[in-house]
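*Asks:* Chains as they are written, first to last, in the numbering used here: chain A, 1 to 417; chain B, 1 to 398.
Do not rely on the hints blindly, as some may be mistaken.
To be verified - Sample of chain B residues at the chain A side, in silico, Cβ under 8 Å:
#  : residue
1  : Q86
2  : S87
3  : A89
4  : P91
5  : G93
6  : M96
7  : L97
8  : M100
9  : L101
10 : G104
11 : G143
12 : F146
13 : C150
14 : A152
15 : V176
Stated by the list, open to error - Non-contacting residues of chain B with respect to chain A, defined by C-beta distances greater than 12 Å in every case (computed):
#  : residue
16 : E50
17 : P170
18 : R205
19 : E208
20 : P288
Don't read these hints as lab results, they were simulated from the structure. Backbone N, C-alpha and C define an ideal beta-carbon position, used for all residues, glycine too.
Listed below are the residues making up each chain.
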Amino acid sequence: MCHVIEAPDRRPIRLVVSDDLQRSRLTVFFRLLLALPHFVWILLWSAAAFTVAFVAWLAVLFERRVPRTLHDFLAAYLRYATHVSAYLYLAAGPYPGFTGRPGYPVDVEIDPPREQGRWGAGFRLVLALPALLLMAALVGGGGGGNSGGSAGIAAVAAFLAWFACLAQGRMPRGLRDLVTYALGYGAQATGYLLMLTSRYPSADPSLVQPPAELPEHPVRLVLTDTLERSRLTVLFRLLLSFPHLVWLTLWTVVVLLVSFFVWLVALVLGRVPRFLHRFLAAWVRYTAHVSAFLYVVGGPFPGFLGAAGSYPVDVEIDPPARQHRLKTLFRFLLALPALLLAGAFGTVLLVVAVLGWFYALFTGRMPPGLRDLGAVSVRYSAQASAYLFLLTDRYPYSAPALAAPPHDEQLELVPTP
Amino acid sequence: MKALRLGTFGLAAAAWIACAWLLLDDAVPGGLELPTVNVDATFGAALVDEAERYERFLRVDWLLSQIVLLVVLWIYARKGVGFTRQSAAGPIGTGMLLGMLGLGIVWLVQLPFGLAAVWWERRYETTEIGYLEWALGDWLALGAAFLSICLALLVVMALARWLGEHWWLPGTAVFVGIAALFTFVSPYLVTTTRLEDPALVAAARRYERQQGLPEIPLRVEEVSGQTSQANAYAVGLGPTRRVVLWDTLLDGRFSDGAERVVVAHELAHHSSDHLPKFLAWFALFAAPGAYLIMRVTRRRGGMGHPEAVPVALLVTAVFGLVVAPAENWISRRMEAEADWKALQSTRDPVGARALFSGFADTSLGDPSPPTWAYVMLETHPTLEQRVAMADAWRARSP
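With the rest of the complex left out, here is chain A:
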């Protein structure tokens, strides 16, 4: 199966995924060590690639186009870097080649060189900074495919996936989709920086075609936001959040106190009583509302009660259901990986907020890609909190998807063998 980033509005740099999720435990166990030769090679290639990119930059300034040979060299570098990152982050199984030849299970398709604007090219480094910042939060400081620098959400996902792969011999689908999304954005950003395209990277998670899976979950995001933002409330967003942060802190203290009691009750009864479930669900919703407002993912000032349906970035939570007592007993330990990933999503959310803040301040709108990425982060954090505080025993789903893929009737007509 192939997943291509952005089919409807075909982008010049697209990630192609044909990975089958199967992993060899042995190569997973030694993955970091096995990648060492690639690190050495990519270091040398990076030095050459950035030198060539400078020449390509001069070429665009004079000729408005990157010469084909330079373009191919840079494209091969970008493909190779993505292969190595995919291998390192467990998004792919096979050991990658050293030439960046197409055909790897997580690959990049790059269009031939096209004419580029001189102004955009002249200020490319400055213009790329926001994209590089987001890339750092997604892939790590080195980015796009690079394996160096600080850890991004892909690295955290890979760290968790390492244990899962060793246990199951299979990469969890949600984590794989998260890593490939990050790599796809990294490839776009690096390609933009290296003059492979003048098209600005898009952070829209829905551009993955076919869309990433989003299985049914008792905690769901409901997004009715219009992207419009009042510049004044954007300007004072942090300060306007102060009363909410104070109230949220007080509420959280109560939740923490209550949660131990809830845990005991859930252990005994096998379910959380309805009134406690309602109280905790309101807190999870309120946290999501405040996060969405603070990080500019939502527009309006939220209410203080976490009322269902009261905010355009809302969380729907199913009524209480029976929960497995063993899962309840070890809930805190089981939740640790999810909390770790939620922390990484928090970093992404912060970058979304910083970039979105500037954009919305000038345009009065939030970019849809950034908003949706922020919404994914809010959704994951809400699911992680709901899991930790026993609103559900369903584990949070990490794929960067906001909605289930559209229902395809034709697929339904195909008889299941």
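Dock chain B against the given chain A, drawing on the hints supplied.
*Replies:* This is chain B only, laid out in the frame that chain A set:
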């Protein structure tokens, strides 16, 4: 009905006047006449000129900022309702949003005036604070203001939704309670260290006995990184009472006698119960202020509705400006009383003169500001008046 209303109003006014009369009682001898002071000879003609130039700019800056403030709040009172569309909260939450946005807009338009004042103070070396540091501090102060207005609107709007137009009376009581609580805990909100000057501490203990006070802790606040101006203040209520001296007062620029006068002055604030009296005055002004807000916001449905908040902000600002002369007059009376008690305790008019001359030098205080500035801005007697009081005390106590 009208007669009853008028009667109630008259009774309330009479009670207000009676309370104010009781609060105005002080220790300064009645009929004390202040002798004329030769300002140039006392402070030095050059210093007086420099202080006048320094303060003139700051006054104009303040005046312009107040005009802009009123204009902006007037516009916000008319147009601010539109921001209700930016809220997904209920009426009280929306009111909080409108209140915070109003403050935010005011902060934005006041920013240039604040920056101008910092620039001027840096030019005259009365502050060492950098622009960025100032802006950051101002931003955080704005955050505190946002929280304060949220709390205030929570009280007012919840009471207004519950009690209708009668909210203003319990609202006043709640605000006085909050102010009292804040006064009580305020000593713990500032980082200070113990005063390590045995002679000054011993003098303070002596003055405490003279003024009938128990032992009041003397603390030092480090401000020398931000300003060169000297200051001290009395804080706290009952068991939390403190006297706090800025370290700029103790850096050797003031004589021992001047430092003792400052300590005696601040102790006098406690012995004269100025902080509880300040709270009482606050209640006396808050009640008519809240009543006025209730009346003016009627046309927007009253304070239970968020649409009334922008108007309430405008009324609060105007009311604050209107009562500023009265509040400053009361404050000046309290300061004069503290000065007089300090002279009684230290019996050192020379030290007092040195202190006030030093203030002109370190803070570039204009010894004799123009009348409008004196009425609108001065919370203390002018330096000329304070020197004159020292002279008057010496004339009475040879």
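*Asks:* If a hint holds in the structure, say so; if it doesn't, say that too.
*Replies:* Evaluated hints:
Restraint check, Q86/B versus chain A: the minimum CB separation of about 5 Å is within 8 Å; hint holds. Look at S87/B: its Cβ gets to within about 4 Å of chain A, closer than 8 Å, so that hint holds up. Residue-level restraint check for A89/B holds (minimum Cβ-Cβ distance to chain A is 4 Å; threshold 8 Å). A distance limit of 8 Å between C-beta atoms decides the matter here; for P91/B the minimum to chain A is near 10 Å, and the interface restraint is violated.
For the restraint placing G93/B at the interface with chain A, the shortest Cβ-Cβ distance is roughly 5 Å, inside the 8 Å limit, so the hint holds. For M96/B, the suggested interface contact is upheld, since its CB lies about 6 Å from the closest CB of chain A, less than 8 Å. At its closest, the beta carbon of L97/B sits 4 Å from a beta carbon of chain A; the interface hint therefore holds under the 8 Å criterion. Interface restraint check for M100/B: the shortest CB-CB distance to chain A comes to about 5 Å, inside 8 Å, so the restraint holds.
Annotation: L101/B was flagged as interfacial toward chain A, and the flag holds, the nearest CB pair being 6 Å apart, inside 8 Å. At about 4 Å, the closest approach between the beta carbon of G104/B and any beta carbon in chain A falls short of 8 Å, and the interface hint on this residue holds. The interface hint given for G143/B is met, as the beta carbon of that residue sits about 5 Å from the closest beta carbon of chain A, less than 8 Å. This hint holds: F146/B has a C-beta 5 Å from the nearest C-beta of chain A, less than the 8 Å allowed.
At about 4 Å, the closest approach between the beta carbon of C150/B and any beta carbon in chain A falls short of 8 Å, and the interface hint on this residue holds. Annotation: interface hint on A152/B violated; nearest CB of chain A at approximately 11 Å, more than 8 Å. Interface restraint check: V176/B against chain A, minimum CB-CB distance 22 Å, threshold 8 Å, status violated. With a least beta-carbon separation of about 38 Å from chain A, E50/B lies farther than 12 Å from that chain, consistent with its non-interface assignment.
Separation of P170/B from chain A is adequate, the least Cβ-Cβ distance of about 22 Å exceeding the 12 Å criterion. Listed as outside the interface, R205/B is consistent with that label: its C-beta sits roughly 41 Å from the nearest C-beta of chain A, beyond the 12 Å cut-off. For E208/B, the condition that its CB be more than 12 Å from all CB atoms of chain A holds, with the nearest at approximately 39 Å. No Cβ of chain A approaches the Cβ of P288/B within 12 Å, the least distance being about 28 Å, so the stated non-interface status holds.
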